[in-house]
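**Q** The primary structure of each chain is shown beneath.
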Amino acid sequence: MRKITYIQAVNEAFREEMRRDPKVFIMGEEVKVGVLGQTEGLFEEFGEEKVRNTPISEQGFVGAGIGAAGSGMRPIVDFMFGNFMYVAMDQLANQAAKLRYMSGGQVNFPMVFYTTTGDMGSTAAQHSDHPVAPFVNMPLLKIVLPSTPYDAKGLLKSAIRDDNPIIFFEEVTLGGIKGDVPEEEYLISIGKGDIKRSGKDVTVVAVGCMAPQALSAAEKLQKEGISVEVADPRTIVPLDKEIILNSVKKTGRLVICEDAPRLCSFASEVSATISEDGFSYLKAPIKRVTREHVPLPFSSPMTEFVLPNESKIIDAIKEALRYENKTR
Amino acid sequence: MSLMNEELVLMYRKMLTIRAFEEEASELFWKGEILGLLHVSIGEEAVPVGACTNLLPEDHITSTHRGHGDIIGKGADPKYMFAELYGKKTGYCKGRGGSMHIADYSLGIIGANGIVGAGIPISTGSALAQKMLGTRNVTVCFFGDGASNQGTFHESLNLAAIWKLPVIFVCKNNQYGMWTSASYAVSVRDVSERAKGYGIPGVTVDGNDVTAVYEAVHEAVERARNGDGPSLIECKTYRWHGHMEGEEAYGWVYRSPEEAEEWKKRCPILRLEKELLSRGILTEAQVKEIREEAKNEIEEAVKFAEESPLPEPEDAVADLFAGGEE
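In order, the protein sequences belong to chains A and B.
Using our numbering, you'd call the opening residue of the first sequence number 1 and step up by one each time.
Using our numbering, you'd call the opening residue of the second sequence number 1 and step up by one each time.
Any given hint might turn out to be false.
To be verified - Simulated crosslink set (DSBU-like; lysine-lysine; CA at most 30 Å straight-line):
| # | chain 1 | residue 1 | chain 2 | residue 2 |
| --- | --- | --- | --- | --- |
| 1 | B | K295 | B | K264 |
| 2 | A | K98 | B | K89 |
| 3 | A | K241 | A | K318 |
| 4 | B | K196 | A | K50 |
| 5 | A | K98 | B | K79 |
| 6 | A | K98 | B | K88 |
What the hints contain is simulated information worked out from the structure, not anything from laboratory work.
Turn these sequences into a full structure, and let the hints guide you.
**A** Okay, structure coming up:
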């Protein structure tokens, strides 16, 4: 099969959906260029009406996207960096997330909030967040965080066709990685997870940039005779709880990896959910591998200390395996 | 451009509906019949009526926490509005929104809003959609003097100006943002001066003169329909009641009774009524009849709301997503 990068996959999804539906358009800061190449060539093909550069004015253009979605268009609003979503928080939290519900379901807001997330390397704390958890806590916003080119394309196409507001997080550190993406069209259902690797000793739930690191950790542990199953939910909301429960039922041990601060993280939520619904399957306490609970520092030694990584995943897996419940 | 006699009578009738709605809502609040926060627009009726008389059914409006008047101005039925205020299943939003969040997309009312200034970018986006879809529809964005200090106001005027969007920003300057005077909180004497910063036309009119509002908005709507972009219209008016019903409990005196009395003498409804009588468009008997009609309409609406069923508790978790999935 042909191999393309994550960013190329995203670019194809934009292009195909804009060709398919004239109501789809993209707006945001510097989308004519696309800082990471995600919108490359779109301006040339679709023109400036459909590939609409905005002023640096997040509240204004996010609200405008919401108004356009409620009035017959299907906007993709590009934030450039996940941290910039905070600038438009009222429009996201009080408007996009609530307007359909508050109107008694009178109108739909078919739109995608698209953003690059994560640390592309020494970007410090205002350009490196994965602001997933804040939005998980806002009911009715769907959230997608794919980890492969294949998933990115299939999920983005589905997100653009969905009639609800969806946040699509693109992983900055995965932008250049290549993967199998078929030439022919396909979609991936929002809310459907994927077992990236089968195993029997421990389940690792890993999202976004953590998924390839978990796979690499699993590869190394295989040599030590440890069999790791890696589950990637791909969609954060709605969560594919079943895929995780079924895996934990098999392995009895769970490590959750997320590149985000620890408290009230998505990892915390998965942990709580499996504690409630899968307690009887567990042979060991659930482990979370996350960032330290601080803003991401600039200087490399500190950055490396704060970020989750493969060796921290390996440590957590080993710890989960070492645990023996002597009270049972 | 001058208004026909019949149009003046319709405007008079609509202003009376708004007044009767707001007076009734206030009374019901004090009786404890309706819950939550209630912001009424008594004294400001000329603004939505003057503005919306220029609009077609397919044009859009956005409104504010003090939005009942705007919504009636655009054609909403007081029956479903009261049902919403009562939290009934028959309300515009099925009891999910309440007083500050009434919408009727079928009438182009794309939402009141509980966050000051939040409707301004949404109206801009609605106008963007109209432009991209190639319609000649326009969006009227109602907001207050307080909202003109929000970032959303400034960002949206800029965006609408650079994209030449068919949106008319109608500021109801009722002199107060909550309990703080606009003369303290707004850096310019007239909110309309702020249009200069965005290179769009800005005018200030007497917001208690329904004809003046109509004419200013008329010109702006024409500009917008012709693709000449947005305008800002400031309508100076006055909020007869407090920011919210029940605020007297705070005991905070932020304006003088004399000031309020002075503005009440400039009642927008009596002003039009006088004109209709003096020009012989209506007789005293007709005026009485129309006032009676408006009162009856509101009584009927309240009756409908009272008799309507409450939502089922589980309705809170139904119909969460478009497409039906949960």
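**Q** Now look at each hint and say whether the structure bears it out.
**A** Cross-check of the supplied hints:
no. : hint                : verdict
1   : K295(B) <-> K264(B) : holds (20 Å)
2   : K98(A) <-> K89(B)   : holds (18 Å)
3   : K241(A) <-> K318(A) : holds (24 Å)
4   : K196(B) <-> K50(A)  : holds (29 Å)
5   : K98(A) <-> K79(B)   : holds (24 Å)
6   : K98(A) <-> K88(B)   : holds (19 Å)
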